[in-house]
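> If you read the sequences in order, they're chains A and B. Everything in the first sequence is counted per the numbering used here, starting at 2 for the first residue and increasing by one. Everything in the second sequence is counted per the numbering used here, starting at 309 for the first residue and increasing by one.
Keep in mind that a hint or two might mislead.
[Said to hold, decoys possible] A few chain A positions that, by computed beta-carbon distances, are all more than 12 Å from chain B:
no., residue
1, 50
2, 57
3, 73
4, 116
5, 138
6, 185
7, 195
[Claimed, not checked] Straight-line distance between alpha carbons at most 25 Å, and here's what the computed DSS-like set of lysine-lysine pairs gives:
no., chain 1, residue 1, chain 2, residue 2
8, B, 514, A, 137
9, B, 514, A, 217
10, B, 592, B, 385
Hints are computed from structural coordinates only; laboratory data are not their basis. Note that beta-carbon positions come from the ideal geometry of N, C-alpha and C, so glycine has one too.
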Amino acid sequence: MQTIIDFFNYFSNNYSQILEYTVEHVQLVGLAIIISILIGVPLGIYLTTNEDLAGTVLQISSIMMTIPSIALFGIMIPILSTIGQGIGFLPALIALVLYSQLPIIRNTYTGINNVDPNIRDAAKGLGMTTMQRLLKVEIPNAMPLIMAGIRTATVLNIGIGAIAAYIGAGGLGSLINQGISRSNNTMVLVGAVVVSILAILVDYLLKYIEKRFTPKGIKN
Amino acid sequence: MIEFKNVSKVYNGGVKAIDNVNFKVENGEFVILIGPSGCGKTTLLRMVNQLEDISEGDIILNNTSVKQSNKIEMRRKIGYVIQSNGLFPNMTIEKNVMIVPDLLGWDRKKQQDRFNYLMELIGLHPDEYRKRYPHELSGGQQQRVGVARALAADPPVMLMDEPFGALDPIIRTKLQEEFLQIQKEVNKTILFVSHDIDEAVKMGDKVALLRGGKMMQYDYPSEILHHPANDFVSEFVGQDRVLKSTSLYSVKDLVDEVSLDSYHEADSAQPVNEDTSLRIVISKLLNQEADQLVVEDKQGNKKGKLTLELVEKFLHKEVKETPNR
Ligand SMILES: Nc1ncnc2c1ncn2[C@@H]1O[C@H](COP(=O)(O)OP(=O)(O)O)[C@@H](O)[C@H]1O
Ligand SMILES: [Mg+2]
């Protein structure tokens, strides 16, 4: 009971600080996802035309996923130190982008590859160029899978983004981080709960966007 | 006109799918490509619109080698219909049908008029279906829309790969008949793949029978049925080939060749009109209830009596002679 009271007390006393962390968190994850989409979706599409490379890239990105985030941050410190960016926003951003690649590339690749070959054949036979086929037929029909990949990556990034506070990237991880070093369980709890709520809300938002972006004819 | 000149196709891995095929489809002709599964029908069709490369030889489409043509532009001038309709699930029926006109940059008004015309042509109400999606249509309706889409930019040539193959027999028969009506109106040069000899005989001006990538016989349906070029053709068309050929003729064809028995008011006989196919006539005559039929013209004038003996006489004439039609 006391925990809950502490929780709400902390929450109301530090409202603006929490909001600030949340904004930082959203900025970090948001920027990472935008960059990830810009890299991952075109790459996933390109890989459908190059089966050999597809195998390699997908394998590398799944290995990427298995590296613990804390280790990845650790690896990047010395590398980015050479340009004076060893800690802070940049390494966190890079790590999040790397983690996002597997779900986004894989889902885009699978989504495009799974478009009914008859539909692709018809598109070709009717005289569409490769680009027209992609934009008018393949991407719209792969949309549900592409969006699912983006959603997975976003939720994943909200979680990993909390760890990025360890390398000074700010965000809601700072609450957890500080809470641990000050043995303040309430702070840790507030941080964890806000991260979870953020993840759930964003997931809902993305589900809504997914619905809007999915062409009407292919919903079931 | 589509002219196949010594066309061969070898797939990667060495399968010789088409082996030195030569034939011509004249303008406005409806040619059926037929043969057992795997004989190369689809391959031959897809070489015309260059969805497959030609390994050897050439295909001349309206005086131009398809190899030399710009593929994208050429395909927009060829209607293409496939068995699994290939409609785009993400587009409305209107968007689907108007895809080629849209690629060609037709204006909105012209597209709308064309859509309305085509939908009427295939027997679907334009406004009712305009905003629907393919999955909201039955298989037969989807296939009709597939035909409309292929006709959209009024291409002179149509390639159709078993367009009605996946439909149940009743719907298939209906669509075959509808399509024959449509062809009367649009008069396209058509290459149509089928594996059903009845469909081939019923629909085609000519039939091209393939086996193992080689052309076995290319001729009028009546010739394929009455004068099979070899044992394979004979076996493929079936032992009932003469019976099959009866659907090629109408009562009128018979009346032109043999004279009917004279008709007396006292005779009891069922009436048939001149457009009735001989296949129906035979079926009626074999039916216990009528051993003779009375032929009526469009005005209902009784022209004479038709019996099995007369049908037999007519068929003998047709089968024995080699008409150069
Ligand atoms: N893409 C392909 N690669 C290799 N072989 C193929 C390919 N497509 C068809 N074939 C082979 O070519 C032959 C003819 O195939 P196809 O034209 O599809 O026949 P049909 O349409 O008459 O059933 C078959 O032996 C088939 O296995
Ligand atoms: Mg085939």
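> Determine for every hint whether it applies to the structure shown.
Tested hints:
Under the 12 Å C-beta cut-off, the non-interface status given to residue 50 of chain A relative to chain B holds; the minimum distance is some 17 Å. Distance to chain B confirms residue 57 of chain A as a non-interface residue, since its nearest Cβ pair spans about 23 Å, more than 12 Å. Residue 73 of chain A, annotated as away from the interface, keeps every beta carbon of chain B farther than 12 Å; the closest lies near 38 Å. Chain B draws residue 116 of chain A into its interface by the beta-carbon criterion, the shortest separation being 9 Å against a cut-off of 12 Å.
Non-interface call for residue 138 of chain A relative to chain B: violated, since the shortest CB-CB distance, roughly 6 Å, does not exceed 12 Å. No Cβ of chain B comes within 12 Å of the Cβ of residue 185 of chain A; the nearest lies about 52 Å off, and the non-interface call holds. With a cut of 12 Å on Cβ distances, residue 195 of chain A stays outside the contact zone with chain B, its closest approach being about 38 Å. Note on residue 514 of chain B and residue 137 of chain A: the hinted pairing is violated, with a Cα-Cα distance of about 38 Å set against a maximum of 25 Å.
Under the criterion of a C-alpha separation no larger than 25 Å, the hint pairing residue 514 of chain B with residue 217 of chain A is inconsistent with the structure, at around 43 Å. With a C-alpha separation of about 45 Å, the suggested pairing of residue 592 of chain B with residue 385 of chain B is violated against the 25 Å cut-off.
Of the numbered hints stated above, those contradicted by the structure are hints 4, 5, 8, 9, 10, listed in ascending order.
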